[in-house]
Amino acid sequence: MVTPTVVTESHTGSGKEEQVVGDTMEYTQQGTQYAREASVQSYLKELRKYPPLSREEEQKVLRKAKRGNQAAIDKIITSNLRFVVSVALEYQGRGVPLADLIAEGNMGLMEALKRFDEERGFKFISYAVWWIRQCILNALKRTSNVVMPANRQEDMDRMARRWGQMTQELGRVPTLDEVASDMKISNKRAERALRCVRPDLSLSMPVDTAGEQPLQNILEADEEDPDQLVIYRDQSEFILRSLNDSLDPRERDVIRAYFGLDGGERRTLSDIGCSLGVTRERVRQIRNRALAKLQRYFRRNVPGGKVEDLV
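First residue of the sequence shown? That's 231 in my numbering, and the numbers climb one at a time after it.
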């Protein structure tokens with residue numbers, strides 16, 4: 231199987247010139263030209279030839295990759311390139327061309343593979359996403375004309391780094407409380423930094439410290455990778471639209487309040503119950519029923535979407 235040329239060089243001034251992963255992963259003139267001239271749609275069309283790996287297959291290939299097997303390394307990289315595109319789309323329109331954002335994200339993907347501990351037993355992309363985002367954020371920082379306070383930038387850099395490290399150390403996504411404690415900063419300061427690093431935060435934060443799934447994970451099929459689903463330009467827009475299509479008014483109100491989908495703070499079950507004049511237990515039942523409906527809606531409507539429909 232022929233491996234696609236991976237776009238790994240952008241115009242944002244990182245200045246890196248090195249062989250990253252095999253002959254197909256080099257920072258070559260061909261790769262530079264591809265980033266400059268090829269449309270993103272053509273790139274995505276090429277990537278469709280390389281589907282995501284199943285959980286079982288990924289674990290087997292990762293073990294080989296970490297032992298230095300070049301074919302396995304290439305397979306892990308190419309099977310996750312579409313996910314890099316989905317992350318890059320979140321940062322589109324901030325002054326860096328999409329092709330360059332993808333190139334930066336690809337470098338983060340490669341760095342993540344070097345550092346990933348496959349013995350932890352969780353999915354590679356759950357760890358890699360933080361390296362992908364950090365590389366993209368660094369590119370945006372290099373090209374931004376906005377002067378950010380030094381402590382804010384430091385918080386963002388530490389957050390991007392520690393969140394990924396803690397995910398690997400804990401074997402799960404850390405809560406905001408945990409990462410704030412680790413960084414020795416207030417929850418408010420940690421949340422501000424995390425919102426800069428993760429614009430889709432309200433959908434990705436763990437529901438609570440008891441380990442409930444984030445809303446975005448609840449809606450996704452359990453064993454599917456994010457790039458096997460339709461990658462929407464704005465994931466929150468799709469979820470908000472799905473609320474209107476699948477839930478009754480009370481269910482919509484509970485989900486919006488519980489996950490802060492209208493831009494406000496997330497509210498507790500008790501707080502929502504007071505507003506609606508019902509008990510906390512009743513709100514919990516409404517929430518669970520609504521989430522079950524949303525999951526069915528998501529699974530019914532997402533299959534069949536194509537990545538290139540986005541561009």
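Wrong hints could be hidden among the right ones.
[As the list claims (entries may be wrong)] Label-pair ranges, simulated between beta-carbon atoms: (1) 479 to 511: 32 to 40 angstroms; (2) 507 to 286: 44 to 52 angstroms; (3) 400 to 344: 19 to 27 angstroms.
[To be verified] Listed next, the in silico EDC-like pairs over lysine to aspartate or glutamate satisfying Cα-Cα at most 16 angstroms (straight line): (4) 371 to 408; (5) 353 to 387; (6) 294 to 384; (7) 296 to 347; (8) 344 to 320; (9) 353 to 287; (10) 275 to 287; (11) 523 to 475; (12) 371 to 347; (13) 290 to 349; (14) 290 to 347; (15) 523 to 483; (16) 371 to 348; (17) 290 to 348; (18) 353 to 407; (19) 418 to 385; (20) 290 to 341; (21) 414 to 385; (22) 290 to 276; (23) 275 to 286; (24) 418 to 348; (25) 414 to 387; (26) 275 to 347; (27) 523 to 478; (28) 344 to 387; (29) 523 to 481.
What the hints contain is simulated information worked out from the structure, not anything from laboratory work. Even for Gly, the Cβ is constructed at its ideal location relative to N, Cα and C.
Going through the hints against the structure:
| no. | hint | in the structure |
| --- | --- | --- |
| 1 | 479 to 511: 32 to 40 angstroms | violated, 20 angstroms |
| 2 | 507 to 286: 44 to 52 angstroms | holds, 49 angstroms |
| 3 | 400 to 344: 19 to 27 angstroms | holds, 20 angstroms |
| 4 | 371 to 408 | violated, 27 angstroms |
| 5 | 353 to 387 | violated, 23 angstroms |
| 6 | 294 to 384 | violated, 36 angstroms |
| 7 | 296 to 347 | holds, 9 angstroms |
| 8 | 344 to 320 | violated, 25 angstroms |
| 9 | 353 to 287 | holds, 11 angstroms |
| 10 | 275 to 287 | violated, 23 angstroms |
| 11 | 523 to 475 | holds, 10 angstroms |
| 12 | 371 to 347 | violated, 29 angstroms |
| 13 | 290 to 349 | holds, 11 angstroms |
| 14 | 290 to 347 | holds, 13 angstroms |
| 15 | 523 to 483 | holds, 14 angstroms |
| 16 | 371 to 348 | violated, 31 angstroms |
| 17 | 290 to 348 | holds, 10 angstroms |
| 18 | 353 to 407 | violated, 23 angstroms |
| 19 | 418 to 385 | holds, 12 angstroms |
| 20 | 290 to 341 | violated, 20 angstroms |
| 21 | 414 to 385 | holds, 11 angstroms |
| 22 | 290 to 276 | violated, 25 angstroms |
| 23 | 275 to 286 | violated, 26 angstroms |
| 24 | 418 to 348 | violated, 33 angstroms |
| 25 | 414 to 387 | holds, 14 angstroms |
| 26 | 275 to 347 | violated, 31 angstroms |
| 27 | 523 to 478 | holds, 10 angstroms |
| 28 | 344 to 387 | violated, 19 angstroms |
| 29 | 523 to 481 | holds, 10 angstroms |
Comparing the model with each earlier hint shows violations of hints 1, 4, 5, 6, 8, 10, 12, 16, 18, 20, 22, 23, 24, 26, 28; every other hint is respected.
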